[in-house]
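K.L.:
Residues per chain are reported as follows:
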Amino acid sequence: MNNERLHYGDRIIYMEGIVVDVDDCSISVDLKGRLGFFKAPKRMFICDTEPKVGQEIGWNMSFPEQLGPEVNEKYVSNIEKERRNQEKMRRQMENKEVSK
Amino acid sequence: MSITAETAKAHAHDPAVLCCRAEGGITIEPANLEDPAIFDDLVDSGLLNLDGCLTIEEVLGAKLKETCDSLCPLTADKVEGAKAPTTEAEEAPAEAEAPAAPAAAPAAAPVAAAGGTLRIHIGEGKDINLEIPVGALGNGGAAVAEVPAAAVAAGAAAPAAAEAGEEKVVGTLTRKHFKITEVKRGPETKIEGTTLYIREGIEQEVIDNQELVKDFHLEIITPENYHTYSETIMDVQPIATKEGDADLGTGVTRVLDGVVMMLTGTDEGGVQIGEFGSSEGYLDENIMWGRPGCPDKGEIFIKGNIVIQEKTNMERRGPMAAHTAFDVITQEIREVMKELDESLVAETQELKQVRRPGKKKVVIVKEIMGQGAMHDNFILPVEPVGILGARANVDLGNVPVCVSPLEVLDGCIHALTCIGPASKEMSRHYWREPLVIETLHDPEVDLCGVVFVGSPQINAEKFYVSKRVGHTVEMMDVDGAFVTTEGFGNNHIDFASHIEQIGMRGVPTVGMSYCAVQGALVVGNKYMTYMVDNNKSESGIENEVLGCNTLCEEDAIRALAMLKTAMAGEEVKAAERKWNPNVKSTNVELIEGAYGKKVDLVENEQSLPMSQKRKEKYD
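Protein sequence lines correspond, in order, to chains U and S. Counting in UniProt numbering, the first sequence runs from 1 upward without gaps. Counting in UniProt numbering, the second sequence runs from 1 upward without gaps.
One should not assume that every hint holds.
Which bits of chain U does chain S cover? Going by a derived footprint, with three or more residues having C-beta under 8 Å, they are [said to hold, decoys possible]:
# : region
1 : 17–30
2 : 44–58
3 : 74–84
In short, the hints are calculated from the structure, not lab data. Beta carbons: idealized from backbone N, C-alpha and C, even for Gly.
Could you put the whole structure together from the sequences, leaning on the hints where they help?
P.N.:
Spelled out as structure tokens, the structure:
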């Protein structure tokens, strides 16, 4: 199992956060205490009632640990491609608006 | 806590550990021993070391040489007169001796490993009463004991008690296959021989079809171009159409072989539709070829990349518009296919819905995603995997919808699911659904139908639909049921609830899901004793390879064997606490032995060209 590569994987911390956005397929959460933000697919959240902005949620987690110093070029290249593509599309959109 | 003679027998091959302090010279009885079910946690937390520990069957009746404290593992030096161990193989002669037996047994669903350790230390005290509700010991722990399932001795599954009636064909569906070897662009959409031409300029119609669609590009990917970079694959669909006015699941369906529709998309800002994390990349490194939902190696992809209005990628209307607009192309090909000359039919296949009165009656319940947007499915379109005429299961309230097995195989589900590439069931999956095919063809069971049920977001709704499932199945008077689900997450809550609702009506139920490491079940109940894990990945994870951990023929075979075992009233061993891929291989061997046929296992991501990311990240 991969979690054998974690040194502190068993240090479980109880965390809380606030739902800051809900759309049709994801929920966004601000971690309390200015500890960050995450967004995950709806099906990874367990909800007794309709999820709504402002609700508090809790979960257990530990610290994300680096698995090694290596940089995976494939991911870098994907991120780069994505970034360039988004930039291009954004420019196209702006041009469209200008020409209107 | 001490154990009973019965528990001792069930755990004969498990380690023997004293449950409480025992004086030297006593004869060891079950009452002196601790329940092996709790050992894993103790070992994990370092409180117990089982090295050199004798098994329960070895120590029973032996003499304890010295006084030992509680939780002391009994090793050879502490015990006098230990018996020789028997091997486990000898214990289950039924397997080897009953090769004709159809029963055997399947894989384990690993369970939530969330169960921690309950440690209570009381240094000194009087009148201390500890009252802990059993449920409070954590889902994980409690579920572990109950959930799962694994290998069984392959006993002789008694031949169906009732005398077998005649097989009854209640419906037929003819599939006419047309071979396509080349896809080109041309002035009009047409099929000439084995060449499919797609009209140039059709892109504009796709864009005009939906207000939200802002741009569209069509690409033809041939096997030489498999090493092409692609955005996240949203869906893979067969190209098929009905002949005449036939309804789905009846009459004749024409299908093109050698070519599939593949949908990808982003919003205007370049953000992938339904994208969480990176599953984009080179096609040949990211597709598990030959999975029911995936393209086969050698097929041509008609790949459309749809651009939808900015920020609608996470709204229901975004992906729906993308799927609807893309169907414009498929529909134009369908229209052409309807006119094709019969002489071009390469192969005709007759699918029969056979009922076998007198045989064990079974039903398949397929849980599909219904949390919203990319967790949605169109049910029962007019054309196979079409759009027109279909209803989204989210709009239907995710309630159970009963369909015939032939409707499933005729593309009654147009899947909008687009999250978790390895475990999502794409539209093509239903078109080739292995569990439906295996069960329909098995002469020992009578498949009465398939029930689709959505998985809503909210727990209250989940239980609402699962109760409907329970009542639906109750009305069917079945002897056994399958419950399958795709992906993992909160859908495992209703998955467990469906099994409970069916199980409490006395119907043995086999659950099928991707579980392994990352998809470990979050809840369990006492009816979840027959579980089959769809995992194929080496490390038991969501490995970002399209279709890798979806339900395949081998899983269907194991599930069927397990259900037959359960319906015959035989025992299925409990699953191990943590995911162990060997359980699956043991079960496959048992099945091969019992049926005398080879079960071909599909390959996993290790067979693909190793992308750098997998090499470094996962394996």
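K.L.:
With reference to the structure, classify each hint as holding or not holding.
P.N.:
Right, here's what the structure says about each hint:
Counting residues of the region 17–30 of chain U whose CB lies closer than 8 Å to any CB of chain S gives 4, so the stated coverage by that chain holds, three being the minimum. Figure legend: the region 44–58 of chain U, annotated as covered by chain S; annotation consistent (8 residues with Cβ-Cβ distances under 8 Å, at least 3 required). With 6 residues carrying a beta carbon less than 8 Å from a beta carbon of chain S, the region 74–84 of chain U meets the three-residue requirement, and the given coverage holds.
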